[in-house]
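Protein sequence lines correspond, in order, to chains P and V. In terms of the numbering used here, the first sequence opens at residue 554 and continues consecutively. In terms of the numbering used here, the second sequence opens at residue 554 and continues consecutively.
Simulated from the structure, these hints should not be mistaken for lab results. Just so you know, even glycine gets a beta-carbon here, dropped at the ideal spot from N, CA and C.
Covered by chain V, per the in silico footprint, the following chain P stretches (three or more residues, Cβ under 8 angstroms):
{"#": "1", "segment": "820-829"}
{"#": "2", "segment": "968-976"}
Chain V residues, not near chain P, derived (Cβ > 10 angstroms throughout):
{"#": "3", "residue": "H857"}
{"#": "4", "residue": "A951"}
{"#": "5", "residue": "E986"}
There are 2 protein chains.
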Amino acid sequence: MTPAGVSDAQFARALARFADVVGAEFVFSSREDVDLYRDAYSPLWGQPDERLASAAVAPASVEEVQAVVRIANELRIPLYPISTGKNLGYGGSAPAYSGSVVLDLKRMNRVLEVDEANATVLVEPGVSYFDLYRHLRETGSRLWLDVPDPGWGSLIGNALDRGSGATMAHLRNHFDAHCGLEVVLPDGDLLRTGMGALPGAKTWQSYRSGYGASVDGLFAQSGMGVVTKMGFWLLPEPEAFRRCAVNAWRFEDLHRMVEILNYVENTRLTTGFPELTSPLNGQRTIAAFMEANEHGAPPRDLEHAELLAAAEGGYSPELEAYGRRAGLPTWSFHLSYYGPPEVVEAQWRATRRLFSEIQGTSFEDGEIIRMPLAERDRGKVHDADLGIPSLRIFSAGARSALVPTPSYGHLFLSPVIPRTGAAIVEANRVFREAGIALDLPILRNFQLPTCYWERTFLFLIGMGVTRDPAVDGKRIAAFKALIRIAAEHGWSEYRTAPVFQDAVLDVFSYNDHALRRVQERLKDALDPNGILSAGRYGVWPRHLREGRG
Amino acid sequence: MTPAGVSDAQFARALARFADVVGAEFVFSSREDVDLYRDAYSPLWGQPDERLASAAVAPASVEEVQAVVRIANELRIPLYPISTGKNLGYGGSAPAYSGSVVLDLKRMNRVLEVDEANATVLVEPGVSYFDLYRHLRETGSRLWLDVPDPGWGSLIGNALDRGSGATMAHLRNHFDAHCGLEVVLPDGDLLRTGMGALPGAKTWQSYRSGYGASVDGLFAQSGMGVVTKMGFWLLPEPEAFRRCAVNAWRFEDLHRMVEILNYVENTRLTTGFPELTSPLNGQRTIAAFMEANEHGAPPRDLEHAELLAAAEGGYSPELEAYGRRAGLPTWSFHLSYYGPPEVVEAQWRATRRLFSEIQGTSFEDGEIIRMPLAERDRGKVHDADLGIPSLRIFSAGARSALVPTPSYGHLFLSPVIPRTGAAIVEANRVFREAGIALDLPILRNFQLPTCYWERTFLFLIGMGVTRDPAVDGKRIAAFKALIRIAAEHGWSEYRTAPVFQDAVLDVFSYNDHALRRVQERLKDALDPNGILSAGRYGVWPRHLREGRG
Chain P
554 MTPAGVSDAQ FARALARFAD VVGAEFVFSS REDVDLYRDA YSPLWGQPDE RLASAAVAPA
614 SVEEVQAVVR IANELRIPLY PISTGKNLGY GGSAPAYSGS VVLDLKRMNR VLEVDEANAT
674 VLVEPGVSYF DLYRHLRETG SRLWLDVPDP GWGSLIGNAL DRGSGATMAH LRNHFDAHCG
734 LEVVLPDGDL LRTGMGALPG AKTWQSYRSG YGASVDGLFA QSGMGVVTKM GFWLLPEPEA
794 FRRCAVNAWR FEDLHRMVEI LNYVENTRLT TGFPELTSPL NGQRTIAAFM EANEHGAPPR
854 DLEHAELLAA AEGGYSPELE AYGRRAGLPT WSFHLSYYGP PEVVEAQWRA TRRLFSEIQG
914 TSFEDGEIIR MPLAERDRGK VHDADLGIPS LRIFSAGARS ALVPTPSYGH LFLSPVIPRT
974 GAAIVEANRV FREAGIALDL PILRNFQLPT CYWERTFLFL IGMGVTRDPA VDGKRIAAFK
1034 ALIRIAAEHG WSEYRTAPVF QDAVLDVFSY NDHALRRVQE RLKDALDPNG ILSAGRYGVW
1094 PRHLREGRG
Chain V
554 MTPAGVSDAQ FARALARFAD VVGAEFVFSS REDVDLYRDA YSPLWGQPDE RLASAAVAPA
614 SVEEVQAVVR IANELRIPLY PISTGKNLGY GGSAPAYSGS VVLDLKRMNR VLEVDEANAT
674 VLVEPGVSYF DLYRHLRETG SRLWLDVPDP GWGSLIGNAL DRGSGATMAH LRNHFDAHCG
734 LEVVLPDGDL LRTGMGALPG AKTWQSYRSG YGASVDGLFA QSGMGVVTKM GFWLLPEPEA
794 FRRCAVNAWR FEDLHRMVEI LNYVENTRLT TGFPELTSPL NGQRTIAAFM EANEHGAPPR
854 DLEHAELLAA AEGGYSPELE AYGRRAGLPT WSFHLSYYGP PEVVEAQWRA TRRLFSEIQG
914 TSFEDGEIIR MPLAERDRGK VHDADLGIPS LRIFSAGARS ALVPTPSYGH LFLSPVIPRT
974 GAAIVEANRV FREAGIALDL PILRNFQLPT CYWERTFLFL IGMGVTRDPA VDGKRIAAFK
1034 ALIRIAAEHG WSEYRTAPVF QDAVLDVFSY NDHALRRVQE RLKDALDPNG ILSAGRYGVW
1094 PRHLREGRG
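Model the full structure from these sequences, guided by the hints.
Below, the structure written as structure tokens:
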């Protein structure tokens, strides 16, 4: 395969010139090598529309990245940068535009600076959460990471795709927790943002706004540049961690529960990652959310199963009464606290007092786990809550009694919905009805959203990838229909896989697609030849805009 | 005055067309009207280089802004939007480029939405902190603002200029606390950012990253668009507030004090605005920082005065010994806490424990002030700490025994320096020496930085404006020299007045001024005719780039 519009000879010339820059062993063009860049979770696996790379090139330095980008401009070779390519569910290491040469940055894997006293770090794109975690532990640092599940991805790649983690609110949004970028622009020029634009800057990783128009946001979820260095804010090890739960028993308590949740989060009374579940309705925890929509949690007994099946909109007085008898709360909100033991104790006491206004609320006082983590305390809470990278999340989709036939991957529909109980009820209604209309096994049970970020909910719906073209094709069509249905309710995706990136940008249509028109103007200004990450997040270079979607 | 390159006839035609849009009474072109837009703090007052408007136009709606911008494009009239124009010290209501027509947005002053449960607001540019505060109190809202000193400015104007306030860390950086923009682009097109690009969006004020490349940062400290709506995150009223102090006695304690400060802030043990002072060295509090560099605090007695005068670098063993005898700590860090009484009590207890590792530390246990604020508690702490807008700051520069001849305004040099004790010592040395070399009355006493934002210090140096051209001219030249001196040490301004905006951008010179080159490319892409905010933060439209600086 060669990129569209590029002759075999020209492509061979490009690869040869790439090899001159990075060394022949780091230009990959054989079938078996290039296959490694396929997206293992692709719902188009093996089909004509699967997004495939034509080759890959792996530079070892910023200068090599610049040289490769300049050659690509000269010979009009489409490039698609990846950091470690572990972005499963969102395209992995495969390009958004078939025929692109993957610019694989995994060899650039140095931890360049750690500022222990101010809790910042500067890394290259190939540094994974595991890499940085090991580096910090081996050097005796007391700094924590904020890690996503799973932890094998790149800090830079995850942040640029607007990924999130599991510790404190001000660090969970990984792009927002960055401080300073170095970017190879699509023409090969080199930019440092924030205070990094000052030669010899002493505050590149500590003051992030820089001076004048801030361009950092342009490089998230986009093809505006190749990020080669990125600073992040870390968390100094807190003295202790505690995870507690508030249980409520009446369906209508949801509304006030969410309001109090917002209050305790927005005033920083709780700083950890809240987890909302409904034991009565079969909603499992985030650690097992994959496939949860299809499988749910098993009902406790036949009575429970029958009551669940009959409960309209997830609720009936009989179901609620059953929950009280069986000790299954309708709502269970887990809240986390980081800090000195006396502080987390006081924060939880105040939290209990606030939630106690809801009649009948009960509480689970979690153990105060002191840091540094003792061996005996490992596994008492999720590793990610303590900033420890792990691959354990993959067990969630593994073969089990609940999941007899594991999927080949998943698609995430993840509309952002308001932080209200009403929005949760409405989202359940809308997606349940849509699931029935589209004949999709989604939302069998009442589902609660995740709380990655403050002020908003993310209504995650996972769908398995089967590698059966008929089934997957139906799911792709349904997914696109759900994007439109969500948009009709004022909800939209914050992130999606390449196969849906055009469809999502389509619904951001305010004022005749002003956002896309602006993104395109900026894209043209920075990437006049349109060589970088064509199609990423729905923005195509001028010469490919006609075929969009 | 007419804009350069615009004939009197063409200018008259433009004003007539503006009048057709907004009504003749909202186009201001008489000398006495236009004079109201002069920058009262200008160090060039009355001199040929003073930045002056040619006229002003005050639209009442987004559509009127669009119409004015389109006319300006057609007739090539330079526009300079202001919100309320209260940006004193940073140019006020005067344009960066003389001859611009001020686009005065003060009539667009509606509070469009308040979400009480999720603590967000959507406002127009003419809404001041006072306006929103009154609106919230009159409607019975329990939401707090984060207000700058003074509080008469616009929320939007302040945020776009990277202003800051005084409550919790996650809200003090006003641009970072925004969520969603509506922008009239320089060609008159209308853009909504973030989730606002989705028609009927339900999360415009709650999810700020939006989808794909985020353009919000482009509109801060720039001339890329006219912001006509902006969402902000507010603070639900906490149960209590407490302000306490940690005192340390030895000069060398500074280093560890700062490290512990960083720890307690970065782990969110303290969430308020830290205030660093040195009672021994005469550093007054932030509330009186204007002119502090010139006047300092009076020494307690003759011995103190002599010891201060003799103390090299702000320190001598004799001065320290005097401080112990006189009860004047060398360092006094005030820390603030927001939350339930039992939580702020525990947070302060833990803070005391952490700082106690420094030998001899003493503490001042501040009163826990409960909310809602009782009348008897008014004035116990700064209004801004409780989110109450005020104009009291203006008393700081008023006539007093300490300040016998008040200035006409001030210039702020405010380099961002690292969050270390060493950086504080170094900044004092560098600016004291520079002050002597430049014959400037700065840094008479040892000075401590402010802590507007996490992870960084701001080393604020104020200089008075005298309206004596010889004195002010010397100060302007010295200010520019200090910008370069700071840059040589890796420190730079985060914000500055128009008269210094080119000079500051000049020092952001990494890779042949890559940042400016990128900002110019983006400017050209969004403002091809170069009609908006020419020169703002050092970015000039193509046709004026030659005369830059």
